[in-house]
Amino acid sequence: MILLILSLGEFHGWFEYQYTSPEWEYWNLYQEKNYGEMGFLYKLPGRTETYTALSFEPGKIQFKRMHLTFQGNFFSIATFKAEDRHWFDSPLLYLVSSERVRDESYGANAEGVRCDLWKRGYASGFLFSRYTVTEKAQAIIWDLKKYEGFLTWGLLYLKKDWVSSFNEVASVRIGLFKRPFELRGEIAKNLYHPDTPDSENLAGAMELRIVPLGPFIILGKAYSYGMNFRDELSNEYNSSRTDNQGKRGVYGEISYLLPRRAITITGKTYRENLNRYWYYLEAYVEFVNNISFKTCYDVTRDRFGDVWKHAFFEVVAEGKTGRLKFQYKIKDIGVKNVEYSIGQRSIFGIEGKLNLSQSMWFYTRVAFGEDQRTAWESAFFQIAYRPPVSNSEIYLEYGEPSHTDADLVNDGDIADREGITTVNRVRLILKYYF
Amino acid sequence: MLLLILSSTAYLTGMGGAISPMERPENIFINPASISKRIVHITFYRPFNIEDFYKGDLYSSFILKGVNLGFGLNATRVNRGYTRVISAIGIKYGIFGVSLSQKYESAPASKSFILNYDWNAGIRFSLRGFAFALSRERLGFGFITSGGSLSFETTPDFKKFYAGVEFIVNRVISGSAGWMNGRPAIGLYLHNPRFDIEMGFLTNSDLGETTIVSVGWRL
Numbered sequence: 081m082i083l084l085i086l087s088l089g090e091f092h093g094w095f096e097y098q099y100t101s102p103e104w105e106y107w108n109l110y111q112e113k114n115y116g117e118m119g120f121l122y123k124l125p126g127r128t129e130t131y132t133a134l135s136f137e138p139g140k141i142q143f144k145r146m147h148l149t150f151q152g153n154f155f156s157i158a159t160f161k162a163e164d165r166h167w168f169d170s171p172l173l174y175l176v177s178s179e180r181v182r183d184e185s186y187g188a189n190a191e192g193v194r195c196d197l198w199k200r201g202y203a204s205g206f207l208f209s210r211y212t213v214t215e216k217a218q219a220i221i222w223d224l225k226k227y228e229g230f231l232t233w234g235l236l237y238l239k240k241d242w243v244s245s246f247n248e249v250a251s252v253r254i255g256l257f258k259r260p261f262e263l264r265g266e267i268a269k270n271l272y273h274p275d276t277p278d279s280e281n282l283a284g285a286m287e288l289r290i291v292p293l294g295p296f297i298i299l300g301k302a303y304s305y306g307m308n309f310r311d312e313l314s315n316e317y318n319s320s321r322t323d324n325q326g327k328r329g330v331y332g333e334i335s336y337l338l339p340r341r342a343i344t345i346t347g348k349t350y351r352e353n354l355n356r357y358w359y360y361l362e363a364y365v366e367f368v369n370n371i372s373f374k375t376c377y378d379v380t381r382d383r384f385g386d387v388w389k390h391a392f393f394e395v396v397a398e399g400k401t402g403r404l405k406f407q408y409k410i411k412d413i414g415v416k417n418v419e420y421s422i423g424q425r426s427i428f429g430i431e432g433k434l435n436l437s438q439s440m441w442f443y444t445r446v447a448f449g450e451d452q453r454t455a456w457e458s459a460f461f462q463i464a465y466r467p468p469v470s471n472s473e474i475y476l477e478y479g480e481p482s483h484t485d486a487d488l489v490n491d492g493d494i495a496d497r498e499g500i501t502t503v504n505r506v507r508l509i510l511k512y513y514f
Numbered sequence: 377m378l379l380l381i382l383s384s385t386a387y388l389t390g391m392g393g394a395i396s397p398m399e400r401p402e403n404i405f406i407n408p409a410s411i412s413k414r415i416v417h418i419t420f421y422r423p424f425n426i427e428d429f430y431k432g433d434l435y436s437s438f439i440l441k442g443v444n445l446g447f448g449l450n451a452t453r454v455n456r457g458y459t460r461v462i463s464a465i466g467i468k469y470g471i472f473g474v475s476l477s478q479k480y481e482s483a484p485a486s487k488s489f490i491l492n493y494d495w496n497a498g499i500r501f502s503l504r505g506f507a508f509a510l511s512r513e514r515l516g517f518g519f520i521t522s523g524g525s526l527s528f529e530t531t532p533d534f535k536k537f538y539a540g541v542e543f544i545v546n547r548v549i550s551g552s553a554g555w556m557n558g559r560p561a562i563g564l565y566l567h568n569p570r571f572d573i574e575m576g577f578l579t580n581s582d583l584g585e586t587t588i589v590s591v592g593w594r595l
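Those protein sequences? They're chains A and B, same order as listed. Sequential numbering from 81 applies to the first sequence in my numbering. Sequential numbering from 377 applies to the second sequence in my numbering.
These aren't lab readings, by the way, just hints derived from the structure by calculation. Beta carbons: idealized from backbone N, C-alpha and C, even for Gly.
Examples of chain A residues lying across from chain B (beta carbon under 7 Å, computed):
id : residue
1  : Leu404
2  : Phe428
3  : Gly432
4  : Glu450
Each pair of labels, with its calculated beta carbon distance range:
id : chain 1 : residue 1 : chain 2 : residue 2 : range
5  : A       : Thr322    : B       : Ala451    : 54 to 60 Å
6  : A       : Tyr106    : B       : Glu427    : 36 to 42 Å
7  : B       : Glu427    : A       : Val213    : 53 to 59 Å
8  : B       : Ile471    : A       : Phe367    : 35 to 41 Å
9  : B       : Gly558    : A       : Leu361    : 35 to 41 Å
10 : A       : Thr322    : B       : Asp533    : 57 to 63 Å
11 : A       : Phe514    : B       : Gly558    : 37 to 43 Å
12 : A       : Thr322    : B       : Pro569    : 55 to 61 Å
13 : A       : Val368    : B       : Gly558    : 37 to 43 Å
Given the sequences, and given the hints that come with them, work out the whole structure.
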């Protein structure tokens with residue numbers, strides 16, 4: 081019977097072995113990671129599906145994730161554990177942030193049920209999600225929307241319930257679309273939060289897009305977030321985001337596509353209460369031979385009254401033989417003796433990929449920082465081999481990838497940490513998929 | 377193409393060596409096996425925070441009846457005291473090369489100057505993308521494809537190690553990244569039928585912790 085069940089399903093998974101040899105361990109090789117996952121997917125008639133995955137580490141086998149789904153022409157029902165099924169539409173206010181609903185800790189951990197219905201341009205979703213890892217809590221989200229046609233609208237209800245209290249939010253949104261114009265508005269109310277009074281608990285935003293208007297692309301947005309508006313399921317309005325409380329402002333963006341030239345000039349700005357503002361000017365040029373150039377300059381005045389200026393330059397080239405990206409950034413221009421900045425600095429970086437053959441390539445990211453006091457750098461080199469038919473990957477690495485993984489010189493590790501240096505470590509990673 | 381050979385100039389500036397495309401002319405200082413086919417090359421180096429530091433290179437090389445001839449001049453002046461001028465000539469024919477260099481150093485603060493001569497000889501083999509070079513001062517190994525190259529180099533006593541990768545995306549742009557005896561270095565090269573412009577970046581502790589930017593023109 082077991083064999084019969086197994087024969088109807090699909091096994092898949094992967095193993096990863098990681099061997100590391102760091103300088104501080106006298107270059108001795110040790111196994112840093114020995115990890116595998118194996119999943120079993122079983123499809124029943126009537127578009128019913130079950131999936132169960134286990135993880136393996138030495139001496140430890142864990143239940144990793146699962147789902148059971150039923151699907152029809154107009155509905156989908158899923159019960160799940162540790163899967164990310166938490167996305168809901170909130171185009172202007174971003175009231176639902178998946179990572180705050182899915183019990184994020186090295187991946188999703190939440191368990192729950194999600195139901196979706198859709199028919200003729202209308203859709204509705206319901207989610208019940210329970211957290212057990214980062215906190216003891218549960219969330220309920222429901223929405224109803226019309227998403228096609230000249231007029232679109234949506235209703236959204238959120239509730240997060242933790243042991244001692246709860247937070248409830250409801251929102252309404254509406255959109256009008258007539259090419260090239262798109263007008264949208266969204267308003268939300270914090271129905272209950274234990275830490276805030278029942279006043280100034282509204283948040284609203286309105287946006288107009290004109291795409292395109294001749295050679296221009298235009299976007300305008302106005303927004304206002306009440307001082308007591310709280311949404312614990314959002315990255316923007318949870319209790320720790322004090323910078324968004326009571327924020328009011330306008331945002332504008334205009335792009336000019338130079339006729340008959342592959343040149344785009346973009347200006348962006350916002351102005352907010354408490355005299356906060358931001359200006360951004362960008363020029364993007366595409367050349368023949370798959371080469372592009374981008375430069376931008378931005379000025380921010382924050383809520384403490386400090387002004388931050390940055391300049392950025394980038395050249396990207398791509399071809400059959402590989403890819404090359406060069407970046408140069410001057411960060412915090414003119415800043416000196418400010419407690420929470422290391423001052424003006426220049427950061428240079430290069431990212432390159434060289435295809436040695438169809439299945440083997442060399443990849444690197446190297447960046448330097450420089451200010452009035454000192455210089456710092458971080459390098460990462462990798463040789464990768466992916467055999468054409470064996471479903472495996474082999475990587476040999478030197479250095480620390482995380483210092484430059486967020487767009488090279490824009491990564492906070494290399495841009496803001498004066499003393500950073502290349503990590504003297506060699507790492508061998510073996511992966512096998514089945 | 378020749379195997380990547382690092383030079384003391386390259387190490388100091390981040391322009392050549394591990395971050396450089398093959399056939400850097402300045403390599404005639406170290407390894408005559410790598411004399412370039414290029415005609416004229418001028419480089420200027422400038423550290424970010426070091427006052428009164430100037431360094432420049434001028435190289436010229438040409439081919440005459442299969443013989444590759446090169447001439448180089450390297451001048452450094454730092455902190456109003458130390459001046460160094462190196463001149464070198466090199467000849468390469470086939471896989472063999474020889475160079476002769478003269479170094480003049482002056483340090484007025486200590487009322488001293490040094491004038492000495494040095495020589496070097498090297499040989500380079502290549503086969504199906506793999507290259508191996510050996511000289512009096514360097515040992516090198518490289519792998520070369522149409523899209524770039526990987527190279528490794530060490531000194532005969534194995535106390536210094538250099539590695540580099542070059543990315544030739546197309547005829548217009550190329551870049552490189554390298555590991556030069558414990559320090560990374562990067563370079564960006566823009567090519568034109570008439571001349572090339574290149575920029576190199578390297579942190580260097582010999583001049584204090586600073587980043588050196590070098591700009592070069594190859595005419």
